[in-house]
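Peer 1: Here is how the chains run, residue by residue.
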Amino acid sequence: MNELAIELRGINKSFGPVQANRDISLKVRKGTIHGIIGENGAGKSTLMSILYGFYQADSGEIVVDGKPVHIVDPNGAIAAGIGMVHQHFMLVDNFTVLENVMLGAEDSQILNKGIARAREELKRLERDYALEVDPDAVIEEIPVGLQQRVEILKALYRGADILILDEPTGVLTPPEADHLFRILEQLKTQGKTIIFITHKLREIMAITDEVSVMRQGEIVGTRHTSETSVEELASLMVGRRVLLQVEKDAATPGDVKLSVRNLTAKDSRGVTVVDDVSLDVRAGEIVGIAGVAGNGQSQLLETIAGIRTAVSGEVMLNGRPVDISGKADPGELRTRGLAHVPEDRHHMGLILEFEECESAILGYHGQKQYLNGSFLDAAAIRADAEEKIRKYDIRPANARLKTANFSGGNQQKIVLAREMEQDPDVLIIGQPTRGVDVGAIEFIHKRIIEMRDAGKAVLLVSVELDEIRALSDRILVMFAGRIVGERDGDAAEGELGLLMAGVEEKEAAE
Amino acid sequence: MDMLLLTLESTLRLSVPLLLAALAGLFSERSGIFDIGLEGKMLGAAFAGGAAAATFSSALMGLLAALVVSVALSLVHGFASITQRGNQIVSGVAINFIAMGTTVILGQAWFQQGGRTPALSSAGRLNTVELPFAQAVADVPVLGPIYSDLLSGHPLLMYFAFAMVPISWWVLYRTRFGLRLRAVGENPGAVDTAGISVTWLRYRAVICCGILCGFAGAYLSMALTAGFVKNMTAGKGYIALAALIFAKWRPVPVMYACLLFGFLDAVGIRMQGRPLPLIGEVPVQLIQALPYILTVILLAGFIGKAVPPKAGGVPYVKER
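Top line first, the protein sequences correspond to chains H and P.
If you use this note's numbering, the first sequence closes out at 510, no skipped numbers anywhere.
If you use this note's numbering, the second sequence closes out at 320, no skipped numbers anywhere.
Same shape as in the complex, but just chain P (with noise of 0.2 Å):
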C-alpha cells in the first residue's frame, strides 16, 4: 500500500512537467504551428528560472524569468514559421540547441558550478501547500492517505496544471478564441475569408504556448528540484509531444497520457537495480525507454490514426 501510494505520488510529480508542456504544444500545434520546440522552451525556462531565483531568493522573480524567455523563444519560433513562413521543424531543432548550448555557457559563465545553478534556498522555491484539512484526515483509513499523502503538500504549480486541463479544454470548445485558433490549424484559408487576421491568431496561440512552457520549465527547476542541472530537461519535451499525438491534440486525453508516461517513470526509478520475478535485473535504459516504444506501438495500431491538424506546419499564403 505504501509502495502503491509512492509511486502514484512520484507519478504525479512527474507528470507535472510532461502534462504542462503537452498542453504548451496542443494550443500551438492545434492552430498549426508544430512545435518540436517544446523541450528547447522548458530548458531555457527552467534555466532562468534556477538563475533568478537564486539570483533575487525569489520564487516569483524565479517565475518571472522562466515565462519572459519561454515566451521569447516561442516567438522566435513564431517569427520564423509565421511572419517568415520558414520551415517549422527546423525552426523549433533550433530553439532546441540553443537552449542546450546557451543554459549551459550562461550558467558557467555566471555561477561557475559546471553549468548547474546555486541550490535554492526555500524562499527560492516554488513552495508546497497543504490541502485544508490534511492533517485531520490523515488518519482515516484508505480516503485518508489519499488526500493528505498523494493530494495535498503539492507545489501550486501541481494544481495549477492540472487545472489548467478543464481550462484549456474550455478555451478550445466554449469560446471564440478557441474556435478560431482550432479553425486556423485546419484551414487558415476560411479563417482569413471570414475577415480574421490568420498571423495575429497564430501568434496569440504561439504566446499560449510560450506561457505553459515557461511553468513547466519553472516546476523542474524551483519545485521538482531546487535549482537548474545541465540538460535536465532530459527530453521531457519530446515525450510531452509523443502524449500530444498519442492524446490526437486533445486535453483530456493529453492528461490521461502524461499520467502514464509520469507512471512509467515513477516505476522505472522504482525498479532501478531491482530484480524483477522471472526475469531478473532489467536494464534502466529499457525502462527509460518505454515511453517511446509504448508510443510507437500504440500509434501503430491500437488508437487507430492520429490525424494531426490539417493545415500543421504549412505556413499561411494568401492564393497566388
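One chain only, chain H, in its complex shape (with noise of 0.2 Å):
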C-alpha cells in the first residue's frame, strides 16, 4: 500500500506577477483517498490544472506510478490515467449520457460500432462500482448528483486509476455529498486513487485517509487524517488559530425593532412556502433561522425584504406596519432603516461587471451623500469605497477593479460593508458565509456581532448550523415552511438537529 500513484517534484507556476504554485513537492498513496484543503485562492485548482494538463508548470516533475511523465494537454493526463471530475461539469446538457460519455473516446470515425460498445462498457462500469445511470436519459434532465456520476464514469472509461474531484460538494445537497462518499469509498476498495479537493473541513476528516494544507501558494502540511484534528487544519488553512466558536457577550435585547405575524407566501407553482410563520427581533440580538435548505428560510427573508409578494399576515418595522399586499418597495424599505444581505450576493447583490466602488453603493446610490446635483459624485463614491475597503479589509485595495474580480468572501465583504455602513435599525442577512474561505468567515463573524452590540436588529438565516449556533442570541428551527420550535442560542446541536429533520416538538422535547 506504500507504492505512490503520483508524486510531483517542486512544482512552480505563476499567473504574471502572482505566483500560483510555490515549489510544490506532495505524494499520494495508491489506493487512498488524499484531501487537499485550503482557502479559496489557495492554489489547489491550479495545481490540479496543471496535473490534467491545462496549464504546463513553470518548473517541477511529475511522476506517475513511478514514471517520470510529461502532461502537457488533457489527452497527455488521460494516457497517463489520470481522470478529473470538474467543479463546473464538463458536460454537454442536450446529450444523453452516452454520448457525453463516449465523447473524445470514439472508437472510429462512423459511431454505431462504438455505441454498442460503449453501452457494454457502462453497464460493466455502473455494475462494478455501483455507479446507477440511465444510458440515454438526457443531462439536462437528470439532477445534478447524477450529473456528477455521469462525469465520475466519463473519467472511468477513459481508464483513469486516479480520479481528482475539485470540490465535487459545492453543487450537491447533504443526502447527495452522502452518497458521492459512498461511491468514493467504493472506488478507493476497487484499487482507485483519490484526489479530493476541497474547503471544507468536515468532508476531510470524514472521507479522507490523509490530508495536505495548502496556502497562498504553498503546501504548509500533510497528516493522517487519523492523527489530526479540525482545529489543526484550520490553522495551517489560515496560518494562525481560528475562533471557530465566535465570543460574544450575552445579548441585552431592547425594544421589538421587525415584527411579522402570521405571514404566508406562494411560490411562482403556487405552494405555500412561508406558511402562517410569526417573529419578533428585538433591538440588540440576532435571531438565527436554522433549516435543511428549502423548507422556506429564502422566501421568508425574500418576503420581508421586499421582494416577494406575501399572501397574508403583516410585518411591521420599527412599530409601523410595511405594505407587503403589493410588493413592499424594497427602496422604500431601505430609507426606513432595513439593511438586507441577499443570500445570493452574485445574483440579487451585486452587478459583477461594476467596478468595486459602484457595487459598494447600489441601492443607496440615489443617496446624496453620492451625488453632485443630479449626477454621481465619482470622487465621493470612491473616497467612500476606499473607506470601506480599509474598514472591512477588502482585497485586493482597489475600488476601480471589476467586482466579479475578487474571491468570494471579499465580495461577500463588498456587500456587507454596503449594508452594515448605512446603519441601518434591522439587518437581515442571508447565508453570510457561503462560498467564503475561513479567514474572512471569522471576520464576517465578528462583524454580525458587533452590530448586535451596537443595538441593531439582526434577522440571520443560514444553512450551516455551526454558524446559527455560534451567533444567534435566539434560534428559530424552520421546516416546510413553518416555524417548529425556538431553542435559546446555546441550543444542543443534537436536539436543533431532530428539529430540523421535522420531528414533533414534544418528541423533541422528550
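Don't read these hints as lab results, they were simulated from the structure.
If you're wondering where the values come from, they're calculated on a predicted model, not measured in any experiment.
Among the clues, some could well be false.
Lysine-lysine pairs mimicking DSSO-like chemistry, simulated, CA-CA at most 30 Å apart [claimed, not checked]:
hint, chain 1, residue 1, chain 2, residue 2
1, H, Lys113, P, Lys310
2, P, Lys248, P, Lys310
3, H, Lys200, H, Lys248
4, H, Lys402, P, Lys318
5, P, Lys318, H, Lys200
6, H, Lys402, H, Lys200
7, H, Lys113, H, Lys30
8, H, Lys266, H, Lys30
9, H, Lys188, H, Lys123
10, H, Lys113, P, Lys248
11, P, Lys310, H, Lys402
12, H, Lys67, P, Lys318
13, P, Lys310, H, Lys27
14, P, Lys248, H, Lys266
Please dock the two separately framed chains into a single complex, following the hints provided.
Peer 2: Below, the structure is given as C-alpha cells:
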C-alpha cells in the first residue's frame, strides 16, 4: 500500500506577477483518498489543472506510477491514467449520458460500432462501481448528483486509475454528498486513487486518509487524517488559530424592531412556502433561523425584504406596518432602516461587471452624499469605497477593480460593508458565509456581533447549523415553511437537528 | 395544373441556394460560430464563379474558383472569431460588406460591364441533366409531368443540394466528427477536457460552411442565371439564416423551411402585377417581405422557442 500513485516534485507556476504554486511537492499513495484543503485562492485548482494538462508548470516534475511523465494537454493526462471531475461539470447538456461518456473516446469515425461497445462498457462500470445511471437519459433532465456520476463514469471509461475531484460537494445537497462519499469509498476499495479538493474541513475529516493543506500557493503540511484535528487543519489553512467559536457577551435585547405576524407566501408554482410565520426581532439581539435548505427560509427573507409578495400576514418595522400586499418597495424599506444582505450575492447582491466602488453603493446611489446635483459624484463614491475597503479589509484594495475579480469572501465583504455602513435599525442576512474562506468567515462573524452590540436587530438565515449556533441569541427552526420550534442560542446540536428534520416538538423535547 | 407545376418547379430552383447556404450555416453555427456572413460568402463565390467560368469558358474552373473564394472568406471569419476571439457578428457583417464592394469593383475593373460578368456560354454554365427515362414517361398522366418536368432537367448542383440534407444529418448524428461538432457548440469545455482541440474542430466546421456556401454562390451565377450580376444574392443569405433559426438548427426541417421560402419567392414572382381576387394588386415588396414576416410570426409563437447552440457566439477561453 505504500506505492505512490502520483508524486509531484518542486512544481512552480506563475500567472504574471502572481505565483499561484510555489515549490510544491506532494506524494499521493496508491489506493487512498488524499485530501487537498485550502482557502479560496490558495492554489489548489491551479495545481490540479497542471496535473490535468490545462496549464504547464514553469518548473518541476510529475511522476505517475514511478515514471516521470510530461503532461502537455488533457490527452496526456488521460493517457497517464488521470481523470478529473471538474467543479463545473464538463458535460454537454442536451446530449445523452452515453454520448457524453463517449465524447473524445469514440472508437471509430462512424458512431454506430462504437455505441454498442460503449453501452456494454458503461454497463460493466455501473455494475462494478455501483454507479447506476440511465445511459439514454439526457443530461439536462437528470439531477445534479447524477450528472456528477456521469463525470465520474467519463473518467473511468477512459481508464482512469487516479481521479481528481475539484470541490465536488459544492453543488450537491447533503444526501447527495453522502452518496458521493459512499461511491468514493467504493472506488477506493477497488484500488482507485482519489485526490479530493475542498475547502470544507468536515468533508476532509469524513472521507480522506491523508490530507495536505495549501496556503498561498504552498503546501504547508501533510497529515494522516486520523492523527489530526479540525482545529489543527484550520490553523494550518489560515496560518494562525481560528476562533471557530465566536466570543460574545450575553445579549441585552431592547424594543421590538422587526415584527412578523402570520406571514404566508407562495412560490411561482402556487405552493405555500412560508406558512403562517410569526417572529419578533429586538434591538441588540441576533435571531437565527435554522433549517435544512429549501424549507422556506429563503422565501421568508425575500418577503420581509420586499422582494416577494406575501399572501397574508403583516410585517412591522420600527412599530410601523410595511405594505406586503403588493410588493413592499425594497428602496422604501431601506430608507426606513432595513438593510438586506441577500443569500445569492451574484444574482441579487452585486453586479459583477461593475467596479467595486459602484457595487459598494448599489441601492443607496440616490443618497445625497453620492450625488453632485443630478449626477453621481465619482470622487465621493471612490472615497467612500476606499473607506469601506480599509474598514472591512477588502482585498485587493482597489476600488476600480471589476467586482467579478474579487474572491467570494471579498465580494461578500463588499455587500456587508454596503449594508452595515448604512447604520440600519434592522439587518437581515442570508447565508453570510456561503462560499467564503475561513479567514473571512471569522471577520464576518465578528462584524455581525458588533452590529448586535451596537443595538441593531439582526435576523440571520443560514444552512450552516454551526454558524447559527455560534452567532444567535435565539434560534427559530423552520421546517416545511413553518416555525416548528424556538430554542436559546446555546441549544444542543442534536436537539436542533431533530427539529430541522421535522420531528415533532414534543418528541424532540423528550 | 400547368400553373401549379411551373410554380413548384421554380420553387425547387429558387430554394437551392437557400438550402445550400442554410446547411452551410448549420455546420458553422452548430459548432458555436455564428455566421451572419453567409450572404457575403455566397456573393463572393457567385462572382468568382461567374468570372472564372467566363474567362476560362469552363464550368469546372468556375466552380473551383467559387469554392476557393468562399472557403477563404470563411477562414477569415474563422481566424477572427476562433483564433482572435473577436465578435462573430462584427466579423460576419464585415465579410458581407467586403464582398458587396469588392465584387462590383473587381467586376468593373476586369470586365467593364457595370459590375456584371460576361454572359456565360453553355460550356461555362452548370448544365442541366435529364433523369433517366424522363422522355419515356413524359406522357404518363399526372406522374409523368411531375417526373419529367418537375424533377428532371435541373443542374446537377440541385440534386447535390437535396442529397446534402440526409448527408448532413448523417454526418451530424452518426459520425464522430458530428458528435464532436455538436458538443463543441454546446460546451467547448467538455470537448477540451476530453482531449480534443476546440480550435481545430471549429476550423473544420467553418471550412464545411465555406464549401457549401461556395456551391450556393456557384449555383446562383452559373446555373440559375448565366453570369454574375451586382448584388445578385439580394438577401438570400439572411433568408437562409432565418430558415436555419426557423428549423431550430436541424437539417431536415432546414430543407422544409427553405422549400417554404423558395415557394413564397416563386409565388411572389408569379404574382407580380397580377391582381388577386377581392384584394386587388398586391405590392411586390410585400410579397418579397413575406419570408421575413413569416419568420417573425412563426418564431414569435408557433414553433416554440428556437434555442441556439449554447456556446454560440462565445469565443472559447480556457478557465482563468
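Peer 1: Within a Cα-Cα threshold of 30 Å, do Lys402/H and Lys318/P meet the stated pairing?
Peer 2: holds, 20 Å
Peer 1: Taking 30 Å as the top limit, are the C-alpha atoms of Lys113/H and Lys30/H close enough?
Peer 2: violated, 35 Å
Peer 1: When you check the alpha-carbon spacing of Lys266/H and Lys30/H, does it fall within 30 Å?
Peer 2: violated, 52 Å
Peer 1: Given the hint that Lys113/H pairs with Lys248/P, does the C-alpha gap stay at or below 30 Å?
Peer 2: Distance of about 28 Å is within 30 Å: holds.
Peer 1: With a cut-off of 30 Å on the C-alpha distance, tell me whether Lys200/H and Lys248/H pass.
Peer 2: Given that 30 Å is the threshold and the Cα spacing comes to 25 Å, the pair holds.
Peer 1: When you check the alpha-carbon spacing of Lys188/H and Lys123/H, does it fall within 30 Å?
Peer 2: holds, 20 Å
Peer 1: Has the given pair, Lys318/P with Lys200/H, been kept, meaning a C-alpha gap of at most 30 Å?
Peer 2: holds, 26 Å
Peer 1: Starting from Lys248/P, check that the Cα of Lys266/H is at most 30 Å away, please.
Peer 2: violated, 36 Å
Peer 1: When you check the alpha-carbon spacing of Lys310/P and Lys402/H, does it fall within 30 Å?
Peer 2: holds, 25 Å
Peer 1: Measure nothing beyond the straight line between the CA atoms of Lys402/H and Lys200/H; if it is 30 Å or shorter, mark the hint as holding.
Peer 2: Holds - the C-alpha atoms of Lys200/H and Lys402/H are around 27 Å apart, at most 30 Å.
Peer 1: Holds or violated: Lys248/P and Lys310/P, Cα atoms, limit 30 Å.
Peer 2: Status holds; Cα separation ~12 Å.
Peer 1: Could you grab the alpha-carbon distance between Lys113/H and Lys310/P and see if it respects the 30 Å cut-off?
Peer 2: It holds: about 28 Å lies between the C-alpha atoms, which stays within 30 Å.
Against the hints set out earlier in the document, violations occur for numbers 7, 8, 13 and 14.
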